[in-house]
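Colleague: Mind docking chain Y on chain D? Use the hints.
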Amino acid sequence: MATVKEFRNEVRPNWCPGCGDFSVQAAIQRALANTGREPENVAVISGIGCSGRISGYIHSYGVHAIHGRALPVAQGVKLANRNLTVIAAGGDGDGFGIGLNHFMHAVRRNMDITYIVMDNQIYGLTKGQTSPTSAHGFKNKTTPEGNIEHALTPAQVALGAGISFLAQGFSTDINQLTRLIEEAINYKGFSLVNVFSPCVTFNKINTYDWYKEHIVNLDNDESYDSGNRAAAMAKVVETNGLCTGLIFKEDRVAYEDLIPGYKQEPIVNQDITLSRELFNQCLKEFA
Amino acid sequence: MLEQLSWKVGGQQGEGIDSTGEIFATALNRHGYFVYGYRHFSSRIKGGHTNYKIRVSTKVRPANADKLDILIAFDQETIDFNAHELRSGGVIIADEKFKPVAPEGMDIRFFVVPLTKFAEEAGSAIMKNMVALGASACVLGLPATTFESLITDMFLRKGQKVVDSNMTAISKGIEFMKENGGEIEEFRLQPGDGKQRLFLMGNDAIGLGALAAGARIMPAYPITPASDVMEYLIKKFPKVGGHVIQTEDEIAAITMTIGANYAGVRALTATSGPGLSLMMEAIGLAGMTETPCVIVDTQRGGPSTGMPTKHEQSDMYAVLFGTHGEIPKIVLAPATAEECFYMTIDAFNYAEKYQLPVLLITDLALSLAKQTVEPLEYDRIVIDRGNLATPEQLAAVEDGKLFKRYEFTKDNISPRVFPGQKGGVHHVTGVEHTEVGRPTEDATIRTKMMNKRLNKVQGELPNSVSYTGDENPDLLVIGVGSTIGVIDEALERLAAEGKSVGHAQVRVLSPFPTETLQKYVDKAKKVLVVENNATGQLKHLMQFFGVKGELQSQLKYDGNPYLPHEIYSHCKELF
Chain D
1 MATVKEFRNE
11 VRPNWCPGCG
21 DFSVQAAIQR
31 ALANTGREPE
41 NVAVISGIGC
51 SGRISGYIHS
61 YGVHAIHGRA
71 LPVAQGVKLA
81 NRNLTVIAAG
91 GDGDGFGIGL
101 NHFMHAVRRN
111 MDITYIVMDN
121 QIYGLTKGQT
131 SPTSAHGFKN
141 KTTPEGNIEH
151 ALTPAQVALG
161 AGISFLAQGF
171 STDINQLTRL
181 IEEAINYKGF
191 SLVNVFSPCV
201 TFNKINTYDW
211 YKEHIVNLDN
221 DESYDSGNRA
231 AAMAKVVETN
241 GLCTGLIFKE
251 DRVAYEDLIP
261 GYKQEPIVNQ
271 DITLSRELFN
281 QCLKEFA
Chain Y
1 MLEQLSWKVG
11 GQQGEGIDST
21 GEIFATALNR
31 HGYFVYGYRH
41 FSSRIKGGHT
51 NYKIRVSTKV
61 RPANADKLDI
71 LIAFDQETID
81 FNAHELRSGG
91 VIIADEKFKP
101 VAPEGMDIRF
111 FVVPLTKFAE
121 EAGSAIMKNM
131 VALGASACVL
141 GLPATTFESL
151 ITDMFLRKGQ
161 KVVDSNMTAI
171 SKGIEFMKEN
181 GGEIEEFRLQ
191 PGDGKQRLFL
201 MGNDAIGLGA
211 LAAGARIMPA
221 YPITPASDVM
231 EYLIKKFPKV
241 GGHVIQTEDE
251 IAAITMTIGA
261 NYAGVRALTA
271 TSGPGLSLMM
281 EAIGLAGMTE
291 TPCVIVDTQR
301 GGPSTGMPTK
311 HEQSDMYAVL
321 FGTHGEIPKI
331 VLAPATAEEC
341 FYMTIDAFNY
351 AEKYQLPVLL
361 ITDLALSLAK
371 QTVEPLEYDR
381 IVIDRGNLAT
391 PEQLAAVEDG
401 KLFKRYEFTK
411 DNISPRVFPG
421 QKGGVHHVTG
431 VEHTEVGRPT
441 EDATIRTKMM
451 NKRLNKVQGE
461 LPNSVSYTGD
471 ENPDLLVIGV
481 GSTIGVIDEA
491 LERLAAEGKS
501 VGHAQVRVLS
511 PFPTETLQKY
521 VDKAKKVLVV
531 ENNATGQLKH
541 LMQFFGVKGE
551 LQSQLKYDGN
561 PYLPHEIYSH
571 CKELF
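Respectively, the protein sequence lines represent chains D and Y.
For the first sequence, UniProt numbering assigns the number 1 to the initial residue and increments by one for each residue that follows.
For the second sequence, UniProt numbering assigns the number 1 to the initial residue and increments by one for each residue that follows.
Everything labelled a hint here was simulated from the structure, so no lab data went into it.
This list has only true hints and no planted wrong ones.
In the EDC-like style, the derived pairs of lysine to aspartate or glutamate whose C-alpha atoms are separated by at most 20 Å in a straight line are:
1. Y:K523 - Y:E550
2. Y:K195 - Y:E22
3. Y:K401 - D:E38
4. D:K204 - D:E145
5. Y:K239 - D:E265
6. Y:K59 - Y:E186
7. Y:K236 - D:E256
8. D:K188 - D:D257
9. Y:K422 - D:E265
10. Y:K236 - D:D257
11. Y:K422 - D:E6
12. Y:K422 - D:E38
13. D:K284 - Y:E374
14. Y:K548 - Y:E471
15. Y:K448 - Y:E326
16. Y:K235 - D:E285
17. Y:K404 - Y:E435
18. Y:K523 - Y:E471
19. Y:K97 - Y:E15
20. Y:K572 - Y:D470
21. Y:K404 - D:E6
22. Y:K67 - Y:D558
23. D:K249 - D:E182
24. D:K284 - Y:E231
25. D:K284 - Y:E377
26. Y:K422 - D:E10
27. Y:K59 - Y:E492
28. Y:K236 - D:E277
29. Y:K548 - Y:E460
30. Y:K235 - D:E277
31. Y:K239 - D:D257
32. Y:K235 - D:D257
33. Y:K195 - D:E285
34. Y:K239 - D:E256
35. Y:K235 - D:E256
In isolation and in its complexed conformation, chain D is listed as follows:
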């Protein structure tokens, strides 16, 4: 069985010192080892931006694709080889700006993919513009007079879209985050782990201390029922989206198990030759 070490590589991430994404990377590596995955059976598909670089920092198969498109690439990979553990990863701009349409449809489709978003409420790699999760009034390079748009709350959007597995973590709580990612990887369906992962360089508002002050950890609330969508939505609204832990989970058959004629054995392992018999049958329809 692979250990955490085997999911590590020699590359030094080009993240700023103190970036929240380091913990997310470590949590993914730990979760992969804890769930008994082997590097060659894992594919990490990422978009663009600081967090999009993560596919290059984990020793596994991986694609660093284009802005906002991690999810469709990941779904293509999963369809081709359902035996792979497919993790899609990226930032809030990537996932909830340019890629929001794909996110909504990935939720709706429910393929067995884990999506990890590193949410820092800002565009980092392009040096500090306002993101879809930046708060109303947020002052920044592109909103010097304050953001006149309202923030999108990922958890609310996910629940509203009908997601079947939703968790949120905070990058300082690596143990909780690892556990959530493990559970998400083991979940047979689409899962989102939204992680509050501060940008220490460009976001001077949503700092580690700010998150510590605002986040409600659901692990500390024994009465919380993660099997109830309405309760989950109420909690998300009540905390303004700033809650961590397993927010919602329900059983649902994954997309792959609903495809007519789709085999358990991955397509990539199957003989692709068309039989003469089936070919002739096809021709008959045109006679």
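Modeller: What follows is chain Y alone, placed relative to chain D:
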């Protein structure tokens, strides 16, 4: 006796115009005629005039005819909109029910037939199309049995009674025409050769080609005129464990296609102009990451939403130059439905052999018109998956090390591995990268990687250009896509008048076959490039890629394919 005949049925969209045309065309195809069926339809589903034009010939004629011989009208609009296409002495068969009015001042034969009434007598008003087919058969001197095998295949599962009532409706049409002077000597159709051939449209052939090539995943977003490719594969993939996924948009379609190919499964997507525009960034990703993928572009009237249900060939620039930066690309342009089948298989083989995006472009006429095709040959299906890493290569990679997915090699093609393979772990990125896929900005590696990607395909691909006609013609006509049929027909007429002509058909646009085209251009006195767009894209591509010589253009961009006489008259002026 007629060597060829042009027949059209028209009415309101949704009243069985398609099926009437289909039955007529398929029945004649079964009797060894060459059939070409072109649907005219508007961007609406029900209501509005629609028609289906069928050309029947004893020779290969993948094109509309200049004039119409027979028009079947289910409403007055059909007569008003289409009568002008009739030749002198042509026939209109109109349903008595709508009290048809003959077009004024035309030398035609006008038959008012109780189509609906006879259909009701035979069992149901919906069989008016069968009565109309019977009436047509009488004019052409064809017996009711012409339709029997097809009617049996279509309706036997509903019971013999249904077959019988349809045959009765056909006979009623024949009888009525016989009694009313509908047997017309000059409309006798020469018998077909009786050979069994196929009747299918380009989009069907592409779907079947993809299936035969081993494609098993198709993410796609519906768009006219490409949707039939996905609709075909939706029916077939469950039989082979594959899957068509209807995506949220074209960007998802192409990126999912790239994901599936990266993971080792042959996957394709199909779209038309507006969708192609959306896919451009991702096509660049496929080029940069050397991921094979096949993209079908069925061209339609542009720009923007343009004319979604009309014919055009105006995406050539977009396809060739569309993504930013510089990537390797193969662009194939089949001309007939038969070529759509074989070239789709080529597309997958090239994509994997050279590890790049392959675009297969058609135009609306080629995608949607149905044509008679010689039986497709199973034994010509070849699957070449290119350079896949061997078990030895994989075993040689030390634990924890990365596989050289982008290894510099003599032929610039590196071994491929798929996720799931031990030893093959590597990184894929759209960022410039090293041999193991690590991002780099090193100037030397950058230059080497660019050269590697851009030099994977060297020289021309086989059969990039085909040629028919005189060796040193006075006039050389060059075409691409579905214009092949009309050009052939126009040049045949000129040749019959003693003119010296040649026809070069371009089937590959990238790598551009400059050398071969130059050879043909050099041998001709005059050169005319015929295409369906407003700016002469093919002509300009020839010049851009260095074909020397004086090139003239014939352009048509009104949404309709050429008629043979249009090219014939234009060429005639040039002598």
